[in-house]
Amino acid sequence: MQSMAVATQPIGELEVGARAVEPELESIAASGTVGRIEVEDAKMRMREVDVYYGDKQAIRNVSLDIAPNEVIAMIGPSGCGKSTFLRCLNRMNDTIEGCRVSGSLLLDGQDIYAREIDVVELRARVGMVFQKPNPFPKSIYDNVAYGPRIHGLAANRAELEEIVVTSLQKAGLFGEVKDRLHEPGTGLSGGQQQRLCIARAIAVSPEVILMDEPCSALDPIATARIEELIDELRQNFTIAIVTHSMQQAARVSQRTAYFHLGLLIEVGETASVFTNPEHKLTEDYITGRFG
Amino acid sequence: MSSQSPAHSIERVRKGLGKRYAAEKRFRFYGVASIAIGFAFLLILFASIVGTGYPAFTQTYVRLEVALTPQLLDVPVGATPQQLSNADYDGPVRAALRERFPEVRGRRDLRALYGLISTGAAFQLRDLLLSDPGLLGTTQTVWLIADDDLDTFVKGQIERELPESERRIKDNQLEWIDALRAEERIERRFNTIFFTAGDSREPELAGIRGAAMGSFYMLLVTLVLSFPIGIAAAVYLEEFAPRNRFTDLIEVNINNLAAVPSIVFGLLGLAVFINFFGLPRSAPLVGGLVLTLMTLPTIIIASRAALKSVPPSIREAALGIGASKMQTVTHHVLPLAMPGMLTGTIIGMAQALGESAPLLMIGMVAFIVDIPGGPLDPATALPVQIYLWADSPERAFLERTSAAILVLLAFLIAMNALAVVLRKRFEKRW
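These protein sequence lines are chains A and B, in that order.
Counting in my numbering, the final residue of the first sequence is number 291, and the numbers go up one at a time with none missing.
Counting in my numbering, the final residue of the second sequence is number 721, and the numbers go up one at a time with none missing.
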């Protein structure tokens with residue numbers, strides 16, 4: 001089988017291998033996603049999602065449910081479309097010229113790409129944390145207060161302050177910064193900046209938080225803090241996280257989705273995906289044969 | 292495979308090292324040399340301008356005892372202010388000169404004698420008398436403005452040794468000047484007229500105030516129009532406009548306009564603003580409109596570059612928490628791009644301040660004595676004033692030309708310093 005031939009390619013030649021497999025995409029696509037894509041009372045329900053960047057198709061026919069209060073990890077080799085898929089969930093792809101999304105993407109049963117949906121409101125409900133910590137060049141306080149301010153979530157100064165403090169507490173940052181709330185957020189360490197970004201995201205009380213490789217720019221200790229935090233946040237939020245680290249996916253998520261060349265290959269309980277992958281490609285990736 | 296061995300490679304690297312360092316040294320030398328050449332030219336330029344220009348900041352005055360009698364002034368005793376303002380003030384000045392040099396006779400000699408004092412001396416006396424009518428009938432010791440020929444002679448720019456026919460100061464005048472000097476009746480003082488007066492045919496009465504005010508009103512109009520328009524256009528093109536043929540076309544056109552010779556904008560201003568819209572000729576308003584057209588491309592291009600340099604992560608961060616496009620731009624992108632935009636604007640304004648060609652087309656090259664009181668009054672501008680003075684034959688205008696250049700340079704330096712200060716002030720880390 002051609003797909004096996006890809007799997008046995010040495011890592012350095014993955015690019016060549018990936019191109020060689022292109023004609024075989026259809027056969028992989030035809031076999032469909034392995035594992036249960038459906039969950040009950042799904043928070044978000046995506047069906048037959050295709051994403052194009054100009055003529056290039058980045059996501060092919062992906063269907064996936066995200067359950068409330070779960071952490072779902074999206075893994076896969078570089079360029080597999082996991083970030084693209086994540087960015088569809090709060091329409092961050094709208095800002096990219098030439099990007100088209102088709103299929104149905106429902107949040108609480110409501111199509112988020114429907115014409116009557118306000119993208120500003122959607123992003124208040126589905127927050128996002130980015131790969132590189134990107135605090136605003138403002139004070140720590142203003143960073144967290146920005147979201148509530150523009151959405152008018154606080155009636156007065158005291159309420160705003162409460163939101164800022166609780167958000168920082170939830171992000172596990174308050175203890176470290178409580179004496180310097182009015183110092184610039186850019187002066188914090190990388191890990192602190194990323195937690196500040198998480199605090200900023202949760203300050204608008206979203207229902208879903210999307211995290212795009214939130215730890216890739218952080219050292220192991222900062223990473224551990226964020227992972228703990230993700231676990232705590234699960235109590236209140238639904239989290240979708242894209243990660244390059246399989247250990248991280250294994251540690252923080254309940255379910256894992258494996259993407260390959262724009263296809264969703266396999267999805268299932270994290271434990272079973274990692275210990276007992278059903279698809280050959282998933283197994284090859286997890287055992288480190290490529291990617 | 293021996294050519295690939297580490298020892299061999301090291302040897303090859305070593306061989307090449309000398310060449311590499313030599314290349315670097317050469318390159319550095321070229322850099323230092325170009326800076327040195329540039330600096331030398333700048334120094335020469337400054338030295339020559341300052342050298343010619345600095346005497347213009349002083350002016351020669353002559354002390355005379357002027358009898359302000361009603362007969363000399365040709366007014367009745369106890370004249371009204373109305374009569375005083377129309378009086379003949381040349382009379383007392385001439386009388387004072389005759390008094391000092393009673394031996395001078397004959398029309399020609401007398402004319403040469405009167406020529407030592409500027410025609411502006413009459414205005415001095417008029418101001419003196421109007422401010423205190425009680426001085427009528429008294430004799431006052433007054434420092435009167437000297438004529439430009441006397442002034443240039445005192446400043447050492449007319450050589451005594453030249454044959455009489457080749458110098459502006461004649462032999463008899465030399466005698467009188469020496470006599471006046473011996474009595475310490477001649478003095479050089481700081482030239483306030485240069486900063487308070489408008490243009491004049493007499494160099495000693497000419498000042499840059501009119502041109503400076505003209506430039507000020509013009510830049511005001513330019514700033515008020517080009518800053519908001521330029522920034523709005525840049526923000527729209529950079530943040531909101533879709534990328535298509537039409538916006539590409541606009542972009543190409545903006546870049547082209549930045550390179551269009553400024554005189555073309557002057558012709559356009561003449562055709563559109565003056566001939567079609569009927570705006571007044573020589574008005575700073577029209578000058579400002581023309582310069583707006585000229586500076587807009589500069590401001591738009593600089594502002595777009597500043598917007599482009601704002602990291603996209605900031606936009607994503609704002610959009611990610613649900614800020615609208617507008618909020619993202621006004622709350623985050625604009626403040627970060629502001630230093631660059633301000634720098635671009637000030638550079639554009641500095642360009643506008645130094646521009647003369649388009650102003651010639653719209654009539655701002657006229658000889659205007661009055662200081663403009665608003666953007667609709669006829670006016671000229673600093674660079675045009677420099678052009679006008681540079682064209683004048685009097686030796687005294689030469690130094691005034693350089694002095695006006697110095698003033699213009701001072702304004703430019705101040706504006707660029709302001710750009711640096713603003714950039715430092717608004718600059719934020721991210």
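Possibly wrong hints are sitting among the right ones.
Derived DEER-like restraints, expressed as beta-carbon distance ranges [to be verified]:
#1 B/I520 x A/Q110: 18 to 28 Å
#2 A/T166 x B/S604: 24 to 34 Å
#3 A/R157 x B/F531: 31 to 41 Å
#4 B/I520 x A/G109: 24 to 34 Å
Note that these hints are calculated values from the structure, not bench results.
In this text, a Cβ means the ideal position worked out from N, Cα and C, and glycines have one as well.
A quick look at each hint next to the structure:
1. B/I520 x A/Q110: 18 to 28 Å: Violated, at about 42 Å.
2. A/T166 x B/S604: 24 to 34 Å: Taking Cβ atoms as reference, A/T166 and B/S604 lie about 26 Å apart, which means the hint holds.
3. A/R157 x B/F531: 31 to 41 Å: holds (33 Å)
4. B/I520 x A/G109: 24 to 34 Å: violated (47 Å)
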